[in-house]
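Starting from the given sequences, assemble the full structure and let the hints guide the process.
Below are the chains, spelled out letter by letter.
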Amino acid sequence: MTVLNGLTMGMVLVLVAGGLSIIFGMLDVLNFAHGSLYMLGGYLGYTLSIATGSFWLALLLAPVGVAMVGFFIEFFTLRPLYGRPPLHHLLLTFGISLIAQNAVKFIWGNDIYSVETPESLTGIVEFLGIAYPTYRLFILLFSIGIAILMWLLITKTRYGIVVRAGTEDIETLEAHGIDTRKVFTGVFILGSALAAIAGAAVAPMRTVYPQMGIDIIIDAFVVVIIGGLGSIRGTVIGALILGQAIQMGAVFLTGFADAAIYIVMAGILLFKPSGLVAESN
Amino acid sequence: MSAFYRKILLLATLLVLVLFPFGAPGLYSGYYVDLFTKIMIFGIVLLGFDILAGYTGLVSLGHAMFFGLGGYSSAFIIIHLSSNLFVCLIVALLATLVVGLVVGYFSTQTKDIFFVFLTLAFAQFLYLTAFNLTTVTGGDNGLSLPQVTLGIPGLWETLIPRPSGFYYLVLVFLVLSFLYCRRVIKSPFGRVLVGIRENEERVSFLGYNVRLLKIKAFMISAFFAAIAGVLFATYQEFVSPEMLHWSISGDFILMSVLGGMGTLIGPVVGGVILLWGGDVLSSLTENWMIFIGGFFVLMIILAPKGVVGTISDLLNTEKRK
Chain A
37 MTVLNGLTMG
47 MVLVLVAGGL
57 SIIFGMLDVL
67 NFAHGSLYML
77 GGYLGYTLSI
87 ATGSFWLALL
97 LAPVGVAMVG
107 FFIEFFTLRP
117 LYGRPPLHHL
127 LLTFGISLIA
137 QNAVKFIWGN
147 DIYSVETPES
157 LTGIVEFLGI
167 AYPTYRLFIL
177 LFSIGIAILM
187 WLLITKTRYG
197 IVVRAGTEDI
207 ETLEAHGIDT
217 RKVFTGVFIL
227 GSALAAIAGA
237 AVAPMRTVYP
247 QMGIDIIIDA
257 FVVVIIGGLG
267 SIRGTVIGAL
277 ILGQAIQMGA
287 VFLTGFADAA
297 IYIVMAGILL
307 FKPSGLVAES
317 N
Chain B
24 MSAFYRKILL
34 LATLLVLVLF
44 PFGAPGLYSG
54 YYVDLFTKIM
64 IFGIVLLGFD
74 ILAGYTGLVS
84 LGHAMFFGLG
94 GYSSAFIIIH
104 LSSNLFVCLI
114 VALLATLVVG
124 LVVGYFSTQT
134 KDIFFVFLTL
144 AFAQFLYLTA
154 FNLTTVTGGD
164 NGLSLPQVTL
174 GIPGLWETLI
184 PRPSGFYYLV
194 LVFLVLSFLY
204 CRRVIKSPFG
214 RVLVGIRENE
224 ERVSFLGYNV
234 RLLKIKAFMI
244 SAFFAAIAGV
254 LFATYQEFVS
264 PEMLHWSISG
274 DFILMSVLGG
284 MGTLIGPVVG
294 GVILLWGGDV
304 LSSLTENWMI
314 FIGGFFVLMI
324 ILAPKGVVGT
334 ISDLLNTEKR
344 K
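In the order they appear, the protein sequences are chains A and B. Residue 37 is where the first sequence starts when you use our numbering, and the numbers rise one by one after that. Residue 24 is where the second sequence starts when you use our numbering, and the numbers rise one by one after that.
What the hints contain is simulated information worked out from the structure, not anything from laboratory work. Since no wrong hints were added, every one of them can be taken at face value.
Distance ranges between label pairs, derived from CB positions:
no.	chain 1	residue 1	chain 2	residue 2	range
1	B	Ile102	A	Arg217	56 to 66 Å
2	A	Leu177	B	Ser52	52 to 62 Å
3	A	Tyr195	B	Leu117	49 to 59 Å
4	B	Glu260	A	Ala296	24 to 34 Å
5	B	Ser270	A	Phe292	16 to 26 Å
6	B	Ser305	A	Asp147	15 to 25 Å
7	A	Ala296	B	Tyr203	32 to 42 Å
8	A	Lys218	B	Phe137	23 to 33 Å
9	A	Thr88	B	Ile102	52 to 62 Å
10	A	Ala296	B	Glu180	34 to 44 Å
11	A	Ile160	B	Phe137	40 to 50 Å
12	B	Ile102	A	Ala296	22 to 32 Å
Dumping the calculated EDC-like pairs for lysine to aspartate or glutamate here, alpha-carbon to alpha-carbon at most 20 Å:
no.	chain 1	residue 1	chain 2	residue 2
13	B	Lys30	B	Asp336
14	A	Lys141	B	Asp302
15	B	Lys61	B	Asp302
16	B	Lys134	A	Asp64
17	B	Lys209	B	Glu223
18	A	Lys218	A	Asp64
19	B	Lys134	B	Glu223
20	B	Lys328	B	Asp274
21	A	Lys141	B	Glu309
22	B	Lys61	B	Glu260
23	B	Lys328	B	Glu221
24	A	Lys308	B	Asp135
It should be emphasised that the depicted structure is a prediction, and the values quoted were computed from it without experimental measurement. Every residue, glycine too, gets a C-beta built ideally from N, C-alpha and C.
Structure follows, in structure tokens:
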């Protein structure tokens, strides 16, 4: 049960940290506002599910809305900053996260909203002798599905080839006549949408609250660092490790596991900054 | 701006700060004396922080760790040993020496964003430890502490009158910190730190031990954060894990960048903007950080040198014309 909870949590982190990782790999931008995009996904999902009366429609539309926000962020604030030290990007997106968090509080207030679980997914399923909430199982499978889609997009399509080439060497990509600015925008939009999907999907499980973006961004950073900055495979593994560590910590060690994870993170930064999983070429 | 005018401006600021509490109930409410005490405590952190972040170019997202360490050290001392401020300061500095050397030794192996995240990792570890060690630290509830005293332990001790007594105490610390930090950055050591920021390799080719210099800069800034932490905890008579939280470290960076990193006075100005400006804006809306965030984003895009850095640039080009 704990392992399964950890897995669900890990898969949600894959979605959030995955976007963070592609954005860093391509744009060299560590996006502090990524948690805010996740949060916006949750809030938009909430509002849309009430407005449309359908959770599924909300799950579809919220990421589209957040992708638009992502477009504005990239186009108006990040573009002028390319070529500056990566620290500036981190600071800029930190500022954006402040705006986003307070804008959310301004629009939706400080209340905690719970999103109703769609009727088809309420209740409990039993398999392998464990009773597990259906919705959590859905989140798990849904996240895996999205992750596989992403993996197909990146490995099998032309767009994916461009993105992968971009994480290796931007200048060569430009020399091949590809407008990297458009690719940058595209990647940022995609990452934003991924974060929003995660935010909207977990809303019925974890509720929607103003701190949710801040809560997840540090976890997502830990994942990206454990997995190695810019490495997508590493991110998946890092997310699964952290997901387990948090759940195990909550059950067996009450709190000390999440402190220990930062020692792991420090160790990796010091001794293996490329992350636990080195990308093989 | 010539050195003469700069001196006049600094002395005028000092004069205003010295006279400030006298206007308290008459011209403005005593609340502002309290607010300015807090702003000055942050000023002490920011002065030290600028030596590390602004001059050496190592931006730490874990500086709250020393702020909180100073706070918790003084809490333990006041509760268990002595209520004397100087005992608190000495113990806090010793604790910072130990923790700072460990964290500084490891963190200075890296730079740029790796340094950012390494310092964050250490600070988060400390934060979560303080949060979870409920029996020692009171966990999330924090610890309330009795009033701090000034004087010689055992011989003569006095409570610090509030709010003005504490205000002047903090002011003295702020002025001493400023004078010390200015000496540091004008010393050959300070010049080498700027050299490290601009081009680390060249500095090491000149025969300097870059690593050692970085650790020194790290320790200096850690000490100031700890001193400020002691003052903050004894002033509030309360410590909680919040003091160690990364959002406090984030605030230090926010203030430094707003005011202008690497100008020494800039980060303090940034502190004034964020805390005083925030106070003014908070009467308009509860979510005033939206304006600070917007201002910050604009500054990063248009004027990354911050308010003080940009103004001094403007004044310098004016002079050249």
